[in-house]
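Novice: Chains as they are written, first to last, in our numbering: chain A, 1014 to 1499; chain B, 2 to 488; chain C, 4 to 209; chain D, 822 to 1460; chain E, 59 to 159.
Among the hints, erroneous ones may be present.
[Said to hold, decoys possible] Heads up, simulated DMTMM-like pairs for lysine to aspartate or glutamate below, C-alpha to C-alpha not over 20 Å straight-line:
#1 D/K932 / D/E1180
#2 A/K1495 / D/D896
#3 C/K90 / E/D152
These are computed hints drawn from the structure, not numbers from a lab.
This structure is a prediction, so every number in the text was calculated from the model and none was measured.
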Amino acid sequence: MITISTLIAVPAIAAVVLLVVPFARQAAGYLALLVSLAVLGAVIGFIYRFEPVAGYQFADNVSWIEPLGVRWHVAVNGVSLAMIAVTALITTCALGFALWAKRDRSHASAALILMTEAFLFLVFAARDLFAFYVGFEGMLIPLLVLLVVWGGPGRKFATLQVIAYTAFGTLLMLLGILYLGLTAPDGPNFDMAAAIGRGGDWVFFAFAIAFAIKSPLFPLHGWVLPAYRESSPEVAAVLSGVASKAGAFAFLAVLVPLFPAQAAKYAWVFIALGTIGFLWGSLLAFRQRDGRGVVAYSSIAQMSFIVLGIFLLSDRGATGATFQMVNHALISAALFFVVGWLETQVGSGSFSQLGGLARRRPVLATVSIILGMAALAVPGSSVFASEFLIMLGAFEYHWWLGAIVSLGVVLAAMYMLRWISAILHDRESGLAGTLNPPDLKQGALLAILPLVLVLIGLSIAPAQLTDRVDTSAQELFSAAAKEAGR
Amino acid sequence: MIKAPDVNWLAIAPMMTLMIGAFVLLLLASFIRGRDRGLGTVVGIIALLASAGFAINLWSEPATTTMAGALQIDQLTQVVTVLIAGCGILTLLVAFGWNRMRENGAEFVALLLLIAAGMDLIAASNSFVTLFVALELFSLSLYVLCAFDGKSKASLESGFKYLVLGTIGSMVLVYGAAFLYGATGSFGFEAINTALSKAGSGDALVILGTVLVLIGLAFKIGVMPFHMWVADVYEGAPTSVTGFMSAATKIAAFVALARVLLDALPAMRDTWAPALIIIAVVTMILGNISALVQTNLKRMLAYASVGAAGFGLIAIIVGGAAGTRGLIFYLVAYAPMAIGAFAVISLHERDHKGIATLDSIRGWGFQRPVAAVSMVVFLLGFAGFPLTVGFIGKFVVLGSAVEGNYTWLGVVAVVASVISLGYLLRIMLAMFDRGAKSGVMMAAAPGIGSLNLAILLCLALVLIGGILPGLGLDWAADAAKSLAAGR
Amino acid sequence: MDIVVFFVASVCAIASATAVVAQKNPFVSALALLGNLASLAALMLLLEAQFVAAAQIIVYAGAVMVMFLFVIAYVGPRGEIGPGVRKPWLVALSVFAALLIAVEIVVVVMGASLGTVATVDANYGSPAAIGEALVTDYLLAFEVVSVILFMAAVAGVVFGAGGRPVRLSDDQVLAKEGESAVERRREASRAALEAARDSTTGESAR
Amino acid sequence: MTELVWITLALPLVGVVMLAIFGNKLPARGAGLLASLIMLAAFGAATVALILLASKPEDQRQVTETAWTWLSAGDFRVGFDIWFDQLTALMLMVVTGVGFLIHVFSIGYMKGDSQERRFFAYMNMFVFSMLVLVVSGNLVQLLIGWGLVGLSSYLLIGFWHHKTSAVKAAKKAFIMNAIGDVGLAVGIFLIFVDLGTVSYSGVFASANTLSETQASIACLLLLVGALAKSAQIPLHTWLPDAMEGPTPVSALIHAATMVTAGVYLIARMNPLFFYAPKVLDLIVIIGVVGLLMAGAIAIVQTDIKRIIAFSTMSQIAYMFVGVGLSAYWAGIFHLFTHAFFKALLFMGAGLVIHALNGEQDTRNMGGMRKLMPKTYFCFIIGGLALTGIFPFSGGFSKDAILGAGLHVDSTIGWIAYVGGLLGALMTGIYTFRLIFLVFHRRMSPYAEKVAPPLIKHHGEGPSSMLWPVYILALGAAFLGLLQIPGVTHVMSSWLEPISPYGMVEATAGQEWLTTLIGSLVGVIGIIIAAHLYLRESEAPERIRLGRGRLIAHALERRCYWDNLYEWMFERPVQWAASFLNRDVDATAFRWLPTDGVGTITAFFGRSVVVLQNGIVRSYALVFAVGIAGFLLFLLVRGT
Amino acid sequence: MSVGIPMFLGVSAILFTIGLIGVLLRRSPLTVLLSLEIMLNSVNLTLVAFSRQVGGSDGQVFALVVMGIAAAEVVVGLGLVVAMTRRSMVLDTDELRTLRG
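Using the sequences plus the hints, can you model the full thing?
Specialist: Below, the structure is given as structure tokens:
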């Protein structure tokens, strides 16, 4: 029987094996891919076994560090299972892309990506604050090394900025976790269930800042651009696709249920920041000069929007936010693959070096347009469905909030169209004109295609996802909603 | 007829083993010439293992005092003994390939054993007299070890600086002890505690004594503003010694501080707590900030250890069961990381045949991936990342702060920790700098095997301690009970 | 009577200590330290610590100082050679800080309510009493001190090992310290030799 | 019956998928044939469905069916629905029928373009999107169709993506439509918040619970969507630019189907608009202003397709007037006839453009009558229908709208009536100006050089291009007969049931009167056009530079709407984005918390280690100062 | 006994300070070591004085221990000075500045 613990352990162990055993170059990459595929299969198994009812399922709960009252308690509900599934998918694609891109020291890079996956699983499944923290901060380690070793030319400052920034928030949260765990009524107890409602305002904000940085929520987004710009595409995909979701997920699955009173009291803060961030990111994405910049700022916008959705403390907000997390994960990962492909083929992601690539490259054009259109939430896309839910929630919160947020959608249309045009349209110019890259095919396409297909699937029947997460999401915010009198 | 005091030989066996080991080694070395290195290492490791063995053997024994009450043999002593023995063994492995070991290996190992004995004595000390002699035993030997590399002027310079400043520190400590003696009539910790808890804490003489003692010990720990020696000495001393110092000295000095403040001077908390808070805050922030601008790795890590010492002070300030356990575990956790990091630097110095700087290690990580990855783990441990023992150390200390309503100190520690990332990451970045052409020639330097072994041992300890720290925490909790505050 | 002895000894102690610090020539400083030790021994006698006072003379004057003098003779009785770092504010701050410490301690000890001085019997401070304490209550300290002294011997071996001493040639000194330094060094070593000769003759005369 | 609707809906999607996946394996012609055949099949299915619907008793002519729950969150559930009633059936006919003809036309028009398969895939996708829009049974699905047609329109306008102007136009259209989508979405939110449902049946059933304010705001927001999609003031500026797309696209999307979606929306939501009479009045006013403005602008344009585009805008404004007057059937009727005659005109224009090797400027045309007599003939029919001359189709439908204005007999009604007649005059002028410029007069040097050899080679066009034109010409000529005042009333009675609150329908007398006046006005317009443009004369230029120069300038600059938007939105947004990015974000959020803090700390670090100067006595000094300081602090504090 | 213990303590404090000033101001390593000896002695005086005050022998024993350690310290210190001389190092503490920053 595969348990959640196995799910976490398999990629972790595989990572260690890959690091230690000297495999031949390609073999390591394929092995990692195989492992991640197996994990993905197991996750799909979980999805089938999952019952869309309240509460957490598939729990593993054993003592871990007895003297500290730390337990290894992992379990999933609909929301976390959705995130785990998307993590498994994106990791697989990232490994595939890395294999295609022929990264040097492939065994190490693959191992680190698998390690990230394991940490992310832990974040999404942990029901113990200590374990949660281990995952939340631990995932920085492989990402850090990936950034340091395989990063772009500006990786030095990027690494410093990213790690210091995110670690700051995380460490603040550590204080909060310690408070919750050590002041438990009967001895130290880090279980999340035991921490509900015990934290004060400062603990709440310690958690919130950590999550806001990771998400990233405006105005704590300074690390995003360097991180996304300097990491290799598959790492950027994992980073923007799922690692950042850890923050938003934690808002929904940790912060809101653990601090119902504060969540209700300070919801307006996050709604305000989310709104500003949504508009801010959208507006600034419009002025970026390269593909990564646009994806980075659109991520800021989207993540702020997700946080906004979470703090609406309503069905629409929470389900929409979960859904949007999945969508944005798929889209930003795929966009990074496209950008990464462009960079390998053209040697630059700068808009001034691109253009006219739609000619004679139907696959690239189709993929880019599908992704772009999904990103700008063209009605009928899965992003539209999720954004629709969040906006509806915003509208239910207050009509003017819905109205303001709507502005962001228009801005999103503007920057995504600019992205598509800059890559695909006009005459071939710059390096793209000189190098005349081939069409997107085989390896890179295989990495992108699953994401696109899942997006299309979710567009056709988004209820397949929302039905599964609805109950869980409702459970997460219901206490806070009650506090808020909603 | 003077009746000599009873001696519990079993209880003092760990220290005795070390001292006897030192004598025997020197004796043997005078007969067996030219085999200094192997002989020293073997005897040293045997002695250290034996001392650790004796200490473990004593673990379940109840706490006793011996040598006419001069020594207090309890679980804290045992933990420290085992730790110091571990540090010693690792240091011997690190030092094995070092040139000086061929010439004066026996002396080196003998001094190391004496230092270890001194440190064990500190952990067992029950009065200022014992504390002082133990402190001097290890300090004086350490001055010698720092200056051991006679060919290097930097080494001599560091030894001399350490000596001058260290002596002032010792004098301040004794001076303070004298005032406490004058006020209470005794050097014994328990007697002082009894007298002070009766008399109250307002007496200027006692305050004077407390402050001077505090400063003397603060000097030994190397916290601001009494840290000025640290960077220079760490940089100048032979790297194996630096590693040993950063781990073992810290343990000894912290245990001394804990014994003095928590056992002898709990009544003076109003005096020393504010001082320690100021020291801790300043040290954590400025120590790490100073490290930020360094380019010499040993120096950088020296400042890092200053910062880490400030962090350890939090646990003493908080006190209580949580604080003392936190402190002891933090020391346990810190040791393998520090020794490991300096071992890697040592390896690099041998590869590079020169000092380790951010420039010299550029790209080195690709040549020695195992060592470099281990270094990354150690550095992440310093920064307190999960799955390293450093995280658990940080966890328990911060936990004690939060529990003891010193959360704001925790926030300062967090800020300091983030600053520390600034330089820790720079080391990693430099090691894995793809662009740089490493000028290092990978000559087959001697003794790399034992060095690698030491690094891997440290790595294993750091990781195991990070993933399954339960046992260590139990030990720390038991050892904490040896302190009045820990009960 | 006690007061007179006290003041004389104190003034001697302070004066000789000042001399130690103030003298340019280490040789002279070392000799001044002898005076300081002697004055302190006198003060200790006033405090009825006969054994300690005796040990002070024997250990310090007899052993430690001799060692000092040997080394001073060995390295040459050079005073301060290099130009040094001269910053007036550094000096001022040093003196200020040291004086501040002195004032603080003096204020505290002078104002301390020490209570009555304990009455002691004749045995107090005698070699017998101290000796007994050393082998009973302070057996450990006693033993450890011996280990430390043993360690110091090892240290001597460590520092003494290696090649023969290298004296700087004049050229090297010149290169290092500039022309005037050579002259200064010669001057200093001559003076030191003079002083050494003086002191030994003086002592034998006494 | 519903199966047939599903089939109709699914067929174009199948076409898209097949073209996307197997497109590369098909021969070049195959793509067009496949797409057209699919359209034919869809048209057939839609026709059968219509017949089946008509064969039902009148009270059962409305069917709904849900395929699956599309989206759910709490009590919010949206299904993928069809809602099949008289209006839907009519729209299906227009979309598939006209769509089929245009597909066929495209086979010839796009021949030789290397991107044919992509074109037909997009075209099929557009049809699918439009069908989703019209068959939807709930507002969210409507919005999906709404957005997807926008997307298809974007793709097709920018079909020739190597042309910068085309890409720009596509983006502009998309963004304008996105604004409309958002307005519509917000309207839907409001409806859901107020009524708790988004399905048509639910909304219609509970619309009476809304207060007038609520209903008005909701309808206003829906109107925003309608205005954007139908290119009405003030969201109309994209339509003329959209003519950068291939001509069949203009015919299908920017004349026949998509741009009329706004009219469809208002007609569809009429039970809701019933409770917002002020909004209906507003629609009329917007319509009147729009039809006058667009007509006036059309008079001065020189690009053949832009003239037709402004004409389209003007005609849709008529439809708005119609639905605004609650004469929904009249609006839809005009939509229906307009689809034919406007597609006809576009295709005719396409033939001309084809014959002139892509030239669109009327100044480079002239005298084409002799070269392209069939086209000329059809164009004349289309022009007459557009001008609304009795008995061509446009006349009946337009006069139904104007007659409704007369019938209402209120201020708004009179505004609509008079404005509509004035619009008819302009329609006459610009339509025949276009015809005269293109087909009459002397051939321009360019046309003389290019056209004859092409015509000689191809004829007026391949049969696949000509036959659709003929069929459309038939429709344009005779479809008006469906509704001869006082004689036939197929349209009004067929559409009667979609409005539970009844529709405005003029009496036969009013209609005949309107027809008389309307035709008269149209003829006057034609005469004016003939006077000014039939022969080369100085008159237009004199007016342009003389007394009418201010108006002419304004009209040539399209009444400054583009400039207004540029200065009001585009530039401020760009400026703000640049400023925020370059100055605020880069400094306050990117530099300050990361590099900034780093720089500051490093500076402090360097200051701190200044003390560490290597001199042991200064270390001792720090030590001494520390001792002194702590002693002082703690002694003072402790005692 | 007519001289109060505080007087002795005061003298020892002054001696301590003088020793400290020596360390702070003098640059010759030998003088610095001598200054350290002064500090040691002053501490010894304090110990002895307090021993008299308390009436026990602990203070005196401690003073003896300090003395012994001082001897060892001098050995190490002087050994270092000798070693430095052998390495041709300039005997001036201000010149010992290779380690800094």
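Novice: Does each hint hold? Answer for all of them.
Specialist: Hint check:
1. Taken as a hint, the D/K932 and D/E1180 pair is honoured in the structure, with Cα atoms around 17 Å apart against an allowance of 20 Å.
2. For the proposed pair A/K1495 and D/D896, the alpha carbon gap of about 18 Å is at most 20 Å, so the pair holds.
3. For the suggested pair C/K90 and E/D152, the alpha carbons sit about 12 Å apart, so the restraint of at most 20 Å is met.
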